[in-house]
Structure formats: C-alpha cells, structure tokens
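Start counting the sequence shown at 6; every next residue gets the next number (our numbering).
Just to be clear, a hint being listed does not mean it is correct.
What the hints assert, rightly or not - Calculated pairs, SDA-like style, for lysine to any residue (alpha carbon to alpha carbon, straight line, at most 25 angstroms): (1) Lys105 <-> Ser84; (2) Lys74 <-> Val85; (3) Lys249 <-> Tyr114; (4) Lys74 <-> Leu119; (5) Lys212 <-> Lys111; (6) Lys105 <-> Gly86; (7) Lys111 <-> Leu136; (8) Lys79 <-> Trp67; (9) Lys77 <-> Arg109; (10) Lys66 <-> Lys77; (11) Lys79 <-> Asp250; (12) Lys77 <-> Glu62; (13) Lys77 <-> Val208.
If you're looking for bench data, these hints aren't it; they were derived computationally from the structure.
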Amino acid sequence: MIFDLGFIKIDIGWLITFFSGALFTLILVTLWYLVAVLKSLNKDMKRNKVQEEDIDELEIKWLINDAHKLFKQKDVRDSVGYGQHLLNVSLELGNDIATKFYPRSKYPYLELSLDESLVLLRYVSNRFDELLNKPILKMFKGLTLRRLITLNDAKVKLDNNLLVKATNKFKVNEIFKQTMLVLNVVNPIYWFRRLVLDNVTQVIMIKLGLVVISLTGEETYKIYSKKVFNQDKELNSGIEEIYKDIENSLKEDKDQHEET
Numbered sequence: 006m007i008f009d010l011g012f013i014k015i016d017i018g019w020l021i022t023f024f025s026g027a028l029f030t031l032i033l034v035t036l037w038y039l040v041a042v043l044k045s046l047n048k049d050m051k052r053n054k055v056q057e058e059d060i061d062e063l064e065i066k067w068l069i070n071d072a073h074k075l076f077k078q079k080d081v082r083d084s085v086g087y088g089q090h091l092l093n094v095s096l097e098l099g100n101d102i103a104t105k106f107y108p109r110s111k112y113p114y115l116e117l118s119l120d121e122s123l124v125l126l127r128y129v130s131n132r133f134d135e136l137l138n139k140p141i142l143k144m145f146k147g148l149t150l151r152r153l154i155t156l157n158d159a160k161v162k163l164d165n166n167l168l169v170k171a172t173n174k175f176k177v178n179e180i181f182k183q184t185m186l187v188l189n190v191v192n193p194i195y196w197f198r199r200l201v202l203d204n205v206t207q208v209i210m211i212k213l214g215l216v217v218i219s220l221t222g223e224e225t226y227k228i229y230s231k232k233v234f235n236q237d238k239e240l241n242s243g244i245e246e247i248y249k250d251i252e253n254s255l256k257e258d259k260d261q262h263e264e265t
C-alpha cells in the first residue's frame, strides 16, 4: 500500500519492514548487553583461586600457637585492654593466615569476597555459641563480650589500686577471711569479686580469649583455603583441650570453696 502525498510517496510495507528491523535490532542489542552484564557479574562472584595452595596445616597451627602466646602476655593485655588486645591478636592472626595463601597480594586480608566474609563471621560466631552451650560454660552465655571486657578492665583497675596492692602485700585478706565470711554473705562487693573478679574467672576469661583466637584461625584457614566450600575438613587447634582446662578449673574452684 502506497500513500501519495503529492510531494512524497510513502510505502507502508517498506515502513513496516524498516521499523520491524529496527525493533528487532534493538532487542538483539539489549539482549546482548544483558548477557554481557550477567556474565560480568557472574565472573565477579566467582571465588578467585588462592595464589598458594600448598599450605601445610601445621603452619597454621604454629601461627595460632604464636597468637596464643602473644595474647597471654599479661603486661601487654593489661596496658592495651582485654578486648582491644584480643581484637588486635585475632586480626593479626587472620592477616598472617591470609598472607600464606596470597603472598603476592598487597592486601591479602581483602582477597575475600563479601559473601565469604559473611560466612567467616557466621562460622566463628556459631562455633563460639556452640561452645558456650556446653554445660560448664552456660553461666557465661548471658554475658556479652562487651560485658566481659568491662569486667576484666575493672579487675585490672582494682588490682592496680594502691590500697589493694598494700592489702595483698600484708595478707590482710587472709587475716580477715574467716572472720568476715558471715558478713561477706550479705556483702554485694564480696559477691561481685567472688563471681566476677575471682582469679578463676579471670583464668577462664583468658581461656575464652584463646578459644576466640583459635576459632578465628581455624575458620579463616578454611575460608581462604576454600576447603569450607569443597569438603568438611576440620583443623584441630586444641579448642577441646582448652575447654577441658576451663572445666577442670571450675571444678577445682568449686571443690576448694566447698571445703572452706
């Protein structure tokens, strides 16, 4: 069909063919663009292979043990603070493990994708929660890490108090231990020190810090080695042994107070 407008003739069939071709071309270009974008996104989401795959698990255990020794340094822990020291040691351990797998990377700890980072945090949190579900440690389950840090800092300040130092030096606590026992039963300060600032509790807090470091090391190793996505292979850094030490410490403390 042709329209004659006098100064121009319009072929409707040609127009339909032209616009159909243009529309088809636009659809093809759009589809090609979408495929290119999706392919690019999929490529970005793929986990990059580590630069070094031949990592001996024993090397990771050595790094974890070194981190334990660093965290146990009381002078550094007291000066920096329990929480900050724990965070510093854990981050340094994570970076050391990452460097094993990405020795040529300027920022090895940034080689994880977002989803891998979330998996790492979830795994550490879940495993620590599982540990606190054990019967002997349920008393700590209601305490937040912030609360534990606050209580530890209070212990450090109390120990550094000149009056407390003098009291400990002259064994005043031992002299009044038996005579003040009845009064202590109704003394909230006594219970605060007994339940929170007790030496056994401090030992347990240190061991819990070691557990956090071990969990961080184990899960970081699994994430960076990609083993967590391929097979269920555990790295034993001695967490169960630490738990048994905590259990024994609590039992010994309980027996001592039952005797008194």
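Exercise. Which of the stated hints cannot be reconciled with the structure, identified by number in ascending sequence?
Worked result: Violated: hints 1, 3, 4, 5, 6, 7, 9.
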